[in-house]
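**Q** Each protein sequence line maps, in turn, to chains A and B. Residue numbers are given in numbering that gives the first Met the number 0: position 53 of the first sequence equals residue 52, and the series is strictly consecutive. Residue numbers are given in numbering that gives the first Met the number 0: position 133 of the second sequence equals residue 132, and the series is strictly consecutive.
In case anyone wonders, no lab produced these hints; they're calculated from the structure. If you're wondering where the values come from, they're calculated on a predicted model, not measured in any experiment. Quick reminder that beta carbons are idealized off the backbone N, C-alpha and C, glycines included. Nothing false has been slipped in among the hints.
These stretches of chain B come out as covered by chain A in the derived footprint (C-beta under 8 Å, 3 or more residues):
#	region
1	158-170
2	200-209
Simulated restraints, written as ranges between beta carbons of each label pair:
#	chain 1	residue 1	chain 2	residue 2	range
3	A	Met54	B	Gln120	55 to 65 Å
4	B	Glu38	A	Glu87	52 to 62 Å
5	B	Glu38	A	Gln92	43 to 53 Å
6	B	Gln97	A	Asp62	38 to 48 Å
7	B	Arg234	A	Ala258	54 to 64 Å
8	A	Glu233	B	Lys274	38 to 48 Å
9	B	Gly5	A	Gly182	18 to 28 Å
10	B	Arg234	A	Glu236	41 to 51 Å
11	A	Glu233	B	Glu84	55 to 65 Å
12	A	Gly221	B	Arg234	47 to 57 Å
Just some of the chain A residues that point at chain B, by a computed CB distance under 10 Å:
#	residue
13	Glu45
14	Pro55
15	Asp62
16	Thr64
17	Gln85
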Amino acid sequence: MSDRKTLQIRQISGHSGPSAGFDMQRDPEVCKLIDTTICIGCKACEVACVEWNDMPFSATTFDNTYQTMPETRWNFWNLIRFNEHQREDGTIQWLMRKDQCMHCADPGCLRACPADGAIVQYTNGIVDFQQENCIGCEFCVSGCPYDIPKFNPATKKVYKCTLCSDRVGGGLEPACIKACPTGCLKFGTKDDMKYIAEERAKQLRENFGFEHAGVYDPQSIGGTHVVYVLHDAENPERYGGLPKNPVIPWSYTIWKWLAKPVLGTFALFGLVGVLLHYVTVGPRRTQPEPPLKKEA
Amino acid sequence: MIQRRGTEDPSGLGIYPNWAWSWPMNRRVLYNRASCDIEGKPWDPQRRQVWWDEAKQSWVGVDVPDFKPDSQPKDHMGPFIMNPEGVGRLFVPLGGMQDGPFPEFYEPIESPIANPLHPNQSSNPVVKKYKTDMDKYGTVEQGFNVVCTTYRLTEHYHYWTKNNPMNVQLVPEPFVEVPFELAERMQLKGGERVKVTSARSHYIAKAMVTRRIRPMKIDGKETFQIGIPIHWGFRGIAEDEGRTARTLTNQLTPTVIDPNAFTPEFKGFLVKLEKV
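Here chain B stands alone, though its shape is the one from the complex (with noise of 0.2 Å):
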């Protein structure tokens, strides 16, 4: 199934219903029951995807119903059927979720800018934070004007395989990924150290220097993004070799947790940049 390449969309809408397979039961739009009013009629009768045929009191569509197929529009199930209440939970009262009660977009407690939607309250009020010495957070005028990330690779797996000879002869030190237009402005070369200062912690390891990660537009200013992998650390083979620091990369990254997902901000936080 996944093999199909059907090109034919015969609604005219996207749907590509032969294009291979999506979960589930090949249904590309999901609660595509939310498309039709109340009466079971398409909002837009132009953009029809599912509706009610009354004639073969069934669910009927271009798109396969993501919906009870005999369920009679007088029966109000309701199209989100995965939420017990059958509604989007668009808005949510009651403490069903920590922020709320409509959803929202907060930048990072870390951010080059100021949410443009709110800059008033650029970040979430509820997010979780400690209050000890290591929780500081940095701005853009304290100097941290690089966007950091962090993530895993292929060829490691989290802390362990850093004494692992198999793992550490595919990648052999701790790097750090700076993009080429940065290091040109820096005069970096790749395999040169830098060290990433947050307002937390410092890091220390060898530039890569790479065309994969691009500068950013954002908010009219050019902002430049670095990457470091997490996987090194305390004592592994690289590290008692002396090759690298034995810090981690996590010291550098702000504690900072999801209300509701429990998700700490690993992914997005502010650090300088500079050669060693």
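Just chain A, with the same shape it has in the complex (with noise of 0.2 Å):
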């Protein structure tokens, strides 16, 4: 799956203690920059990710839109999302969106996920699902604050984009970024990206009169390694429902860090009271069984 020489393991899903080989080496971290101001809508990233993927044909029906189908499917990773945003003058803002996931700095998916090893967090950022070790329950799903797992109800797996961390992991640039004609799409270190985005945000700024251009990269989820450049940064849900300020839900949190090591606890008391009761009472005796009374 991963070249173990670039792709080291930051965090892995349901597992205690360290990460097998954790700080052994310190990659940069990874990041896709996407630039909506100059995205064209072709959707060449979109066969770019099928054909890489391996994927099969996705039948689609027509839905008023340019957009291929209304949201991602376990099969269909990476999906422009068309908005067509009225302004207060009247005109029309057509605004392209490539929706996938964003690699959060801090998944809702990893903290959600039960199954040790079905979902790892490189040093490098990727955010990647091991599909030998999903148990299929979907707890990722509802702990993503972009809705981006999908479960395949033939294989009882989730699955997601990977960054193409197999071709990050041979040093190649992810499938969409190589197809993009327009170079909307970058990619490269996040230091690199988050200064080419904000060199681009303040171009947008102050010479092309979009006074609220920004940089998308959320610090509620500790960041993201997919970051945008928006013409309103300040109403990122007009470009198809992107969160201003996206939360893994609350209840994961407790789950992680207080219900689970709090139960464990309750757990070990029960097995420590089972224990203490063998020494005192001492094993359970069988009771003599009583006579069968004879039918009359």
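Two chains, two frames, some hints: make the complex.
**A** So, in structure tokens, the structure goes:
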């Protein structure tokens, strides 16, 4: 699945104790930059994703939009969302946003996942699903603030964008980046991409009259390894429901940091109680069976 | 070079020489020698782009001169350096063009209005027309009151990719883009089927109701435009599954050929639009 030399593991879902090999090597964090202001909606990235990941033809129907399908599927990880935004002066802004896994620094899916090793986060920031360890509970689906992981009922596993960890591990850019004809998609280290994104946002503000242009890298989930340049960073919801302040549901934080250790301690108390009962009372003895009454 | 963002404009003429780069040689106005008289002096001394500098024996200016820099005015080299005769061909006699000798604006063969410049000769008299039964032309009076245009999508290539699953999943079916205001008037919802009829044929597809195509005010009349991508017809994945008709968009369009460039007039014609 991945090249051990370049993809070092930082976190493993449902796994107690340190991750094997953590901190042995420091990879720079990778990042995908999506400049929505120069996306032309050609969907070349959608095809590149389907082809590289060898996914089957996904039937679609006409839905009064250029958008391929309403939302991503278990076998369609990369979707351009088309939105017609009517400005106050009556003119139309046709907003296009490439929707896919954001590879959060604090991944809600990984926090929610109870299966050991089903979700891993590499030190370069990629969050990857390992389907052979997935138990199909779909907790990751509700833990994700972007509604990205999708369940395949046939295999009973969950799938999503891998940021092409198989390509990145080999020193290549993800397939969508390779296919983009306008330079709207860029790939590199997080520091470099943040720098380019901020420069572009500054250019949009100063030279192109987009006063609220900015970079989308929400700190409420510790930042993401996919960042957007938006014409209007104050209203990301216009771009097909991009949450301004994405949050992992509190229940998952409580589950992981409070309920799981506390309940584990209680379970331990139970075991201790059983042991004490054995020591003080002794083993359960078999009772002599009452003699059967003969029927009259 | 293309990333330069200098906003200074020393001449005040809107040349902005340090903003990005323009082909060729960062020249902002092509044939700018034409802004000078035959002596090499600007016609308008208030708005000087380029001029002949006698001291330097060279053409200089606030823009990059589009000229042989050391060609003296007395040599009479014409400013339109890409034409053999060196002039701009505003007047082209002797059959240099099929129409002419002067350039002229014509309305399409099918237009919602008569040409305001000369209503008695609204469209080009020397276009190539065919004389088959299919070559008929409609008018607004006959009920063809909607302007139609045709175009391609980035997702498809010509008529080939309707057989390729990768492209078909991106845009699965043909559609007709209809302005929101027209759809409201027709009580038409996105996804409902519409029949587009021209004087030549008809085309049935689902409607995509959008605000991206705006109503137009032409000669005081509100005029609507619809758009049809050309990529479907005959046989393909959608056609073979019975999801769409097998007719071609270009059965609607008029085969009227520009006499000089041989471009057919498929981008502007008249249709009527009905719900099916």
